[in-house]
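Undergrad: Modelling step: build the complete structure from the supplied sequences, incorporating the hints.
For the protein sequence lines, the chains are A and B, in the order given.
Per our numbering, residue 1 is the first one in the first sequence, and the count goes up by one each step.
Per our numbering, residue 342 is the first one in the second sequence, and the count goes up by one each step.
Since the hints were derived computationally from the structure, they do not count as laboratory data.
Each hint should be verified, as a subset may be incorrect.
[Unchecked claim] Calculated lysine to aspartate or glutamate pairs in the DMTMM-like style (CA-CA distance at most 25 Å, straight line):
#1 K433(B) - D246(A)
#2 K440(B) - E326(A)
#3 K433(B) - D313(A)
#4 K433(B) - E237(A)
#5 K433(B) - D103(A)
#6 K440(B) - D329(A)
#7 K154(A) - D527(B)
[To be verified] Covered stretches of chain B, going by a simulated chain A footprint (3 or more residues, C-beta under 8 Å):
#8 523-536
#9 549-557
Since this is a predicted model, take the numbers as computed values, not measurements.
Cβ atoms here follow ideal geometry from the backbone N, Cα and C, with glycine treated the same way.
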Amino acid sequence: MLNNPLDFEKPIAELDDLIDEFKLASREPEMRADAELKGIDIELQIAELETKREALMTQIFANLTPWNEVQMARHKDRPYTLDYIRTIFKDFMELHGDRTNADDPAIVGGFAKFQGESVVVLGHQKARDLKERQLRNFGSARPSGFRKALRLMKLAEKFSRPLIIFVDTPAAEANLMAEEEGISSTIAICLREMSVLRTPIIVVIIGEGGSGGALGIAVGDTILMLEHAVYSVIPPEGCAAILWSDRSRAPEASAALKLTAKHAAEFGLIDEVIGEPLGGAHRDHPLIAESVKSSLSYHLDVLKNLSIQDLVDRRYSKFRNMGRWENTDITTAVVHVSSSD
Amino acid sequence: MARGGWFRKQSRNGAAEATVPDGLWSKCPRCGVISFARDVERNLNVCPKCEYHHLITVEQRLTLTVDENSFVEMDAGITSLNPLAFPDYDDKLNSDRAKTGRKEAIVTGRAKIDGQTLLIGIAEFGFRAGSMGGAVGEKIVRLLELAEQENLPVILFTASGGARMQEGLLSLMQMAKTSAALARLDQARIPYIVVITHPTTGGVYASYAALGDVIIAEPGATVGLAGRRVGNQDMGAKLPEDFQTTEFQYRCGMVDQIVHRRDVRGTLGKLLMFLTEARTYVK
Ligand SMILES: [Zn+2]
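TA: See below:
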């Protein structure tokens, strides 16, 4: 049962309501008797509705537009970083503060056990109720958030702990205070330092991968992305504003930006798309957590078999080869595509 | 470098003439004052009234910055593709290629300042607003890798609207790509100097433009992460007049010095001296 169904989920939500009513009726002797009197077979009704629901689910979720994927990635019922930390990890011990002047609640992190092994885990944190959403700044990190993240990364490096990072942010904060505190510089330093961090880094894009605010903590050895997450250079609304001076044309911009997990994989920018339960991660938190866990487990084993120097060299090559261009100089003409194509 | 030094050079090579708009008279986009075009040009395309630093071409920048005839361009043939089949992008690329005579939004190469060899990159703002796509990222990384191989200092002049939207996530990744190459340069202890010019924003400011060992900036340039409009959106707070300018960033500790165009070359020469002089002790 969803608390916040999207428009295209509403036909499913209506069926869910109907099924719930019949289920309630089947448990209430009075209503049951009434139904029998009217010749209604409650169990048959439920079975038929559930078949119908199944078909509707398949039909709706097999035909999501890129804009629908953006909506899915921003779904208010979608599991957030702390939901994954609580289900996949044990003994999470949160660490706070950037050791400069603040603790940014938009980024959480600390020590935890992953399958019995000590790791450092961190990520953007969104929230559901208004008060907490404001506290978390809707998952938009300030400079102090990136400084805290970098501090935890350096701890991971210093004590040879694998680093597991969850990405879910609309964008980095860009208001006056963020500019005053050096948001650009802080992101740039994270990018530079992550690229040479001497410990394995796995990044999971779980919801919104919002431009520099996402990438600032997403330079890793292995980049995983959930099926209905998005990852984009610019929010579709911003893109629509630039192209057509009309933010409401975000759905068109979403298509043009090719911001889905499928596209990111096609461009060789991520390593694996983690499949979600039919209808999205928000419909089954334990199931998606299990998928993320098993994928993390597999990739961590792969990375742990590499020497640290190999790991850092591989990471450099990985990002070094991203991007497409051609050399029109006839003496050295070459067309470059990302390495994993 | 003394002021007269490159005055002579400029008059000899005459590259500056081409950019002064509308022939005889030139209107300043900031203060609106109309000046005699030749006065603006003689003033290095800086407004004589308000010191507004007009955009200048890559050729003009080279004339102002490096030893005469010392510049040798690299990778001039590297250019963008349209990997997303983004609407109108091919047309925009073609018209900017025709307009600027260049294949991409940055020009890179080898040059000398005061006889010292270095590698230099200069943004071509006229090409897709200097934005960084795959070709710009590749050209910068080639420059940085060469610097590491040959142990040469690097100077980048930035002017960019940020990551190039039309290349989607591929262009966002250029931030990581360039920053990763800079990490290697950093570890190799090779000097990297950034000269921020108008405007330097978005993903470029949040990657290589912010990572200089030393960062200098021309006065009055727009410098910030998001545009003023975007940053302003949901804030009750009143923005300072100079929000997202060189002066603002300097005040906030993001820039080492604000340097007038006439002093950029001299400042770079001095920095190179400090950064490349043989070590006085052995570690
Ligand atoms: Zn003026």
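Undergrad: Take the hints in turn and mark each one as holding or not.
TA: Now for the hints, and whether the structure bears them out:
Pair hint K433(B) plus D246(A) holds up; C-alpha atoms about 20 Å apart against a cutoff of 25 Å. At roughly 20 Å between alpha-carbon atoms, K440(B) and E326(A) fall within 25 Å of each other, so this suggested pair holds. Taken as a hint, the K433(B) and D313(A) pair is broken in the structure, with Cα atoms around 36 Å apart against an allowance of 25 Å. Between K433(B) and E237(A), the direct Cα distance comes to roughly 21 Å. Compliance with the 25 Å bound is thereby established for this hinted pair.
Between K433(B) and D103(A) the CA atoms are separated by roughly 44 Å; this puts the pair beyond 25 Å, and the hint is violated. Restraint check: the Cα-Cα separation between K440(B) and D329(A) comes to about 19 Å, which is no more than 25 Å; the hinted pair holds. At most 25 Å may separate the alpha-carbon atoms for a hinted pair to count; K154(A) and D527(B) meet this at roughly 17 Å. Beta-carbon proximity to chain A at under 8 Å applies to 5 residues in the stretch 523-536 of chain B; the threshold of 3 is reached and the given coverage holds.
Given as covered by chain A, the stretch 549-557 of chain B passes the check, having 4 residues with a CB less than 8 Å from a CB of that chain where 3 are the minimum.
In the structure shown, a violation is registered for the earlier hints numbered 3, 5, in ascending order.
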